[in-house]
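S.K.: Protein chains in written order, with this note's numbering: chain D, 1 to 320; chain S, 1001 to 1390.
Hints in this document: simulated from the structure, not taken from any laboratory.
Do not rely on the hints blindly, as some may be mistaken.
SDA-like mimics (lysine to any residue), calculated; alpha carbons at most 25 Å apart, straight line [what the hints assert, rightly or not]:
id	chain 1	residue 1	chain 2	residue 2
1	D	K95	S	K1020
2	S	K1303	D	I27
3	S	K1020	D	E8
4	S	K1112	S	F1098
5	S	K1210	D	I55
6	S	K1112	S	R1052
7	D	K29	S	F1098
8	S	K1303	D	I55
9	S	K1024	D	I55
10	D	K5	S	R1052
11	S	K1334	D	K12
12	S	K1303	S	L1317
Footprint (simulated), chain S over chain D, 3 or more residues, beta carbon under 8 Å [stated by the list, open to error]:
id	stretch
13	19-33
14	262-274
15	301-308
Here chain D is said to cover these stretches of chain S; the calculated rule only asks that three of the stretch's residues, wherever they fall, bring their Cβ under 8 Å from a Cβ of chain D [stated by the list, open to error]:
id	stretch
16	1026-1036
17	1093-1102
Source: prediction; values computed, not measured.
For every residue, glycine included, the Cβ atom is placed at its ideal position computed from N, Cα and C.
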Amino acid sequence: MRLEKLKELHDKKFITDEQFAELDQIISKKVFSVFYELRTLLYLGVLLFTTGVGIFIYLNIGDLGHVVSIIVLSILTLACFYYSFKNSGPYTHGKLVPATPYLDYIVLLGCLLFISVLGYLQFQYNVLDESLGETTLVAAVIFFITAYRFDHLGALSLAITAFASFWGLSVSPQEWYHNDFFASANLHVTALFFGAGLAGATLVLFQRGIKQHFAFTYFNFCSLIFLVGALVGLFTNHDSRGLYFMLLFTGCALTAYAGYWLKSFLFLLYAFVFGYIGITYFLSDFLSYDGSILFLYFIISCGGFVFFIIQYKSYFKREP
Amino acid sequence: MKCAYNETWLSNLQLLKETKEWQKNKIISPEQQASITAAYPVAFFHPNLIIRILLFLASLIALSGVTGLLSLFVLSIANGTEQIISALCILYGIAAFFFLEAIFIRTARHYKSGVTEALVYHAVGFTLAGIAGITSGNTHVIVISCLALFSFTAFRYLDLVSTSAAILSLAFLIFYELFEQGGILRQIIPMVFIALFTPLYFFLKLQKEKRENERWHHCIMLAEALTLLIIYAAGNYLVVRELSVNLMDMQIIEGQNIPYAFLFYFLTVTIPVAYIYFGIKNKDIVLIRVSLVAIGFSVFTFKYYYSLGHPEITLTLAGAILILVTIQLLRYLKTPKRGYTRENILSSKWGSANLEALVVSQTMGGNHSAGASEHGGGGSSAGGGSSESF
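Using the sequences plus the hints, can you model the full thing?
M.R.: Now the structure itself:
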């Protein structure tokens, strides 16, 4: 925004004198925010520190210093959580306004350090069971508690990811790229149940008014896990593909509805992409006879979709 | 040549986007926003980001269908030479430009709707492929056409991807021409880059200030940032050394170094420092952000050649320093200093009670503080806020 524009708004009496004075400060850079820069730096600091600590522990497991390092890390973790509890407001079902701009990052640092300590103890002393399963479950529980106590969306994403990996589901594109999602037999069934179950739990929490602003993050994971599961089922089980096709489309419809409900077009995007892949795969037998039919299908389906969105653009306004 | 969109609507749209931010932050009331919206009409079809992505993907698939059908048709009648097919590609690309302008921009009033981006890239892609085919892959011609076409689309359709592509084509063109000449010209590539891109940066900065260039504001900002990064990379010791070794087959024997090594070490240190100094002094957000990336990469450069062999300790220490310095800065800026604030002035996440105090302190001129503190560590700044407002 240029100053002339602001003066024009002021001259035409769209804004009051006080508003003009306030906005003039911002536009003429007499007030200059480094909010995003400092937050990004803080986030990078947490990322570098925890990565460094993780590698350090991994390289020095079993060394003489391991008792010292675990004590230092535990003290750091406790310090982070002590600071968070001391400075955070009491728990509410609604949103919690952070007391300081860096409180969120202290909570995050505490969580990640705790996981390092837990992993260290597991490797060194086998505190928990032989399997890694219980460690991820404990991590998930801690993350969930942190997320709800400090109203922390980052911790919530970590919690859902850890909880999914407890069931053997890897929720990261890198893992999918290495075919881990597809490799294990019947993992897609787990994914379907996990996605549906988590979505149900989210609905119950929402109904009770507990942290309603968490619903977006929950549904984001639910819909992706469920839809990928249904799509993998469709690709791998030729015999029961009718069933998976129906599951995929139920999932797409519910995802699109969640988008309408949460006022987010992101879910509409998921529904479209997965639905389109599903339909194209289902029709592939008919489409593969002749190249020109395939091209016509692309033109008609996607061209029609573009036309549909433009025709009904009032439903897709910038602010849903 | 002008930009393709209706200029009044563009300027109104830019205005409304900002007043909407003010309304979200409760600087102005919804009624005020409504009356401003009524007074500054915009008739564009300009959907939100997700719908744009959706339309972009769907348009690309539909366009691939069109291309596929046409190619089947062309291949069946003209079992002909590569030249004819290339010429048809160019014709098809140009036709796509006209289709975009006549149907989507002029009639359906699209502005960055996803469909427009898909058509622009589609048109550029086919035109370039056709040129490459006709000249049988002449790099000089292809790079020059890249530069020309991307500059055209960046200018006419205010497209950010085209802007980056145009700047990178320019950089590659300079590099390639000097590299092909060989001899002494290869040695002075870094100096030529700095000598050419520094004036370009100041030229862009001048253009950004002009009122009539307001609609290209985002394009120019992006071009500025890329220009600064290119100047930094041209003076960076690691970039120069590795490019010398890998592309120019320079042999560096143990104990020897690249020519003018001291100069590049000097630039590796001074360029980021200069960026952050002038960024903080002039409150230039582009300079500040680029300087953070540059500082991070300079630290990496020195660690790369003078490593103690313990990357994990380096990481941990760097992280700890970064956290401590940033928290100190945040505490320092708890009350605004010299016009700097830690609050996000156009978002209400931490309430805007402090903003009022800030405005008061600024208008009363009552701030006594030491100079802006120095930053440490480095890193990119892609805007770390987590917003799920789409």
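S.K.: Does each hint hold? Answer for all of them.
M.R.: Now for the hints, and whether the structure bears them out:
{"no.": "1", "hint": "D:K95 to S:K1020", "result": "holds, 23 Å"}
{"no.": "2", "hint": "S:K1303 to D:I27", "result": "violated, 40 Å"}
{"no.": "3", "hint": "S:K1020 to D:E8", "result": "holds, 17 Å"}
{"no.": "4", "hint": "S:K1112 to S:F1098", "result": "holds, 16 Å"}
{"no.": "5", "hint": "S:K1210 to D:I55", "result": "violated, 51 Å"}
{"no.": "6", "hint": "S:K1112 to S:R1052", "result": "holds, 8 Å"}
{"no.": "7", "hint": "D:K29 to S:F1098", "result": "violated, 42 Å"}
{"no.": "8", "hint": "S:K1303 to D:I55", "result": "holds, 17 Å"}
{"no.": "9", "hint": "S:K1024 to D:I55", "result": "violated, 43 Å"}
{"no.": "10", "hint": "D:K5 to S:R1052", "result": "violated, 28 Å"}
{"no.": "11", "hint": "S:K1334 to D:K12", "result": "violated, 36 Å"}
{"no.": "12", "hint": "S:K1303 to S:L1317", "result": "holds, 13 Å"}
{"no.": "13", "hint": "19-33", "result": "holds (count 11)"}
{"no.": "14", "hint": "262-274", "result": "holds (count 7)"}
{"no.": "15", "hint": "301-308", "result": "holds (count 5)"}
{"no.": "16", "hint": "1026-1036", "result": "holds (count 5)"}
{"no.": "17", "hint": "1093-1102", "result": "violated (count 0)"}
The structure fails hints 2, 5, 7, 9, 10, 11 and 17 (numbered hints given earlier, in ascending order).
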